[in-house]
Amino acid sequence: MTALTQRTIDVIRKNEGSLLANWTANLDATGVSRDARVSLTEIEAQTREFMRLLASNARAGDTSISGNDWSETRTFLERLSRSRALQGLDSQSTASFIFSLKRPLFDLLQAEYASEPADLAPQVWAVSELLDALGMHTIRTFQKSREEVIARQQEELLELSTPVVKLWDGVLALPMIGTLDSQRTQVVMESLLQRIVETGAEIAIIDITGVPTVDTLVAQHLLKTVTAIRLMGADAIISGVRPQIAQTIVHLGIDLQGIVTKANLAGALELALKRTGFAVSKAN
Amino acid sequence: MDRIPILRMGEFLLVTIQVDMHDQLALTLQDDLSEHISRYGSKGVLIDISALDIVDSFIGRMIGTISGLSKIMDAETVLVGMQPAVAITLVELGLTLPGVSTALNVERGMRLLRERVLAQ
Amino acid sequence: MDGSQPISIEQDVVLARQTVRRLAIECGLRLVDQTKLITAASELARNTVIYGGGGHMDWEFVEEGTRRGLRLVFRDEGPGIADMKLAMTDGWTSGGGLGLGLTGAKRLVDEFSLESTPGVGTRVTICKWN
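Protein chains in written order, with this note's numbering: chain Y, 1 to 284; chain A, 1 to 120; chain U, 1 to 130.
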């Protein structure tokens, strides 16, 4: 591990102002600060804060940033990359923010160690390692924030696609649309079961008219859901079983064990009404 | 020793399980119930598990046994109030309680019991 | 490991369930996943008492990217399992149960591993991710 010397740290502290100016110029040249999503005042504040943290936290010795000395800096970088992830900036521009400080720092070291080239290389290496570590930390946090955003959106999307509707007193319907993957089926079924408890519905109709294909896994999920609904004390009807799906189910050898199926939603509603004691007749 | 109380309502017995049962408590309940059915000639047993947030294979087996026992002693069993998460877990566990009648809540369960007994 | 508690007698199974419930909530598991994990823990804790002659449950929180999870280890120094394949067969039991303990627990969690040496003991590790 290359170590930072006190001399290097001193020269950085002494030249904080000029480093900041060069860094800002560098950021400007690479276009990082010209992004409309981040205001110039914001960048200025961030560079000044980071420069201050770097100058005050750097210690002679090892360049690891995992210690207590760097906790304030880490928090600052985490906040920075999180806000950038939310603003929709890419990881490159976020990382460039740190990496564009390398040039001014190297220039400074080169001037400082001009007469001792043997000392220069290890110090450049040490500073480079330090900035790499800080940059990597930024990217890691950035990535994590982005993943969190994606996960949240996925969840929101799942909730949007699970409408459980009340068709009649005691009769709920779940019109399923689109391809069913295992995770989605699970969430959909859970919300159906929850609604059964909330409404006290006796019969739930699961309509699969809008489902393009049913494979073994989806069929198993349907079966499990119907079994769970029965355990809770309600019953289920599956409707919208199109000819192709019926064929697949038979071909796959899936046994729908006494589960009531109807060709369409109207047929299922008619049966549900009959079971709950209603009769539909034409007025007059 | 602690016990789960069994309420007598006419020809029916009502059990509300509200505590996290350890296995011995479940076995005691099983014995107490069959004892009650025989002593009072009860026609139906209603087990309310709406307060239970888990049912594992041991309690599942107890419910199945109670249902089987009461059937032999000419009484119907209805299990009511199973929570959605519990139902999903039981199905995944492989315990579907075949032969056990279920209802959404106590009121529906009572209605179901009365219908069953009347039908006999 | 972040913690451990003994599972020696039947009442400890109830205590283990309560601990797992608290940890599962702390871990941020969804209600259905909490229920699945507590149920799996209940099965395994009972096995530890009945077949292992008592043992311990250890737990730790695990993290992977943005996912958090809860890992539980049930270990005993009992007689061990002679035929692992048979033990993992649905419906097979050596103790008069339904034979759903091990296989059922496996279906309820995301990760499951069983190590057992006859005469040395058994160790079941399960994990549930949120």
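If you are wondering where the hints come from, they were derived from the structure by calculation, not from laboratory data. Idealized CB from N, CA, C, for every residue including glycine. Where hints are given, some of them may not hold.
Straight-line alpha carbon distances no greater than 20 Å define the calculated SDA-like cross-link-like pairs of lysine to any residue that follow [said to hold, decoys possible]: (1) K144(Y) to N130(U); (2) K106(U) to E92(A); (3) K144(Y) to V73(U); (4) K144(Y) to R67(U); (5) K106(U) to K144(Y); (6) K144(Y) to Q92(Y); (7) K224(Y) to P79(U); (8) K106(U) to Q220(Y); (9) K224(Y) to V197(Y).
If you anchor each label on the Cβ, the simulated ranges turn out as follows [said to hold, decoys possible]: (10) D2(U) to A25(Y): 46 to 52 Å; (11) I9(U) to L86(Y): 50 to 56 Å; (12) P79(U) to V250(Y): 43 to 49 Å; (13) E156(Y) to D2(A): 44 to 50 Å; (14) D2(A) to E72(Y): 54 to 60 Å; (15) D69(Y) to P79(U): 52 to 58 Å; (16) T65(A) to L86(Y): 52 to 58 Å; (17) R68(U) to R48(Y): 34 to 40 Å; (18) G65(U) to E72(Y): 43 to 49 Å; (19) D215(Y) to R39(A): 36 to 42 Å; (20) D132(Y) to S8(U): 49 to 55 Å.
Tested hints:
no., hint, verdict
1, K144(Y) to N130(U), "holds, 16 Å"
2, K106(U) to E92(A), "holds, 10 Å"
3, K144(Y) to V73(U), "violated, 29 Å"
4, K144(Y) to R67(U), "holds, 10 Å"
5, K106(U) to K144(Y), "violated, 30 Å"
6, K144(Y) to Q92(Y), "holds, 15 Å"
7, K224(Y) to P79(U), "violated, 36 Å"
8, K106(U) to Q220(Y), "holds, 18 Å"
9, K224(Y) to V197(Y), "holds, 17 Å"
10, D2(U) to A25(Y): 46 to 52 Å, "holds, 49 Å"
11, I9(U) to L86(Y): 50 to 56 Å, "holds, 52 Å"
12, P79(U) to V250(Y): 43 to 49 Å, "holds, 48 Å"
13, E156(Y) to D2(A): 44 to 50 Å, "holds, 46 Å"
14, D2(A) to E72(Y): 54 to 60 Å, "holds, 55 Å"
15, D69(Y) to P79(U): 52 to 58 Å, "holds, 53 Å"
16, T65(A) to L86(Y): 52 to 58 Å, "holds, 56 Å"
17, R68(U) to R48(Y): 34 to 40 Å, "holds, 36 Å"
18, G65(U) to E72(Y): 43 to 49 Å, "violated, 25 Å"
19, D215(Y) to R39(A): 36 to 42 Å, "violated, 54 Å"
20, D132(Y) to S8(U): 49 to 55 Å, "holds, 52 Å"
Violation of the numbered hints given earlier is confined to hints 3, 5, 7, 18, 19; the remaining hints are satisfied by the structure.
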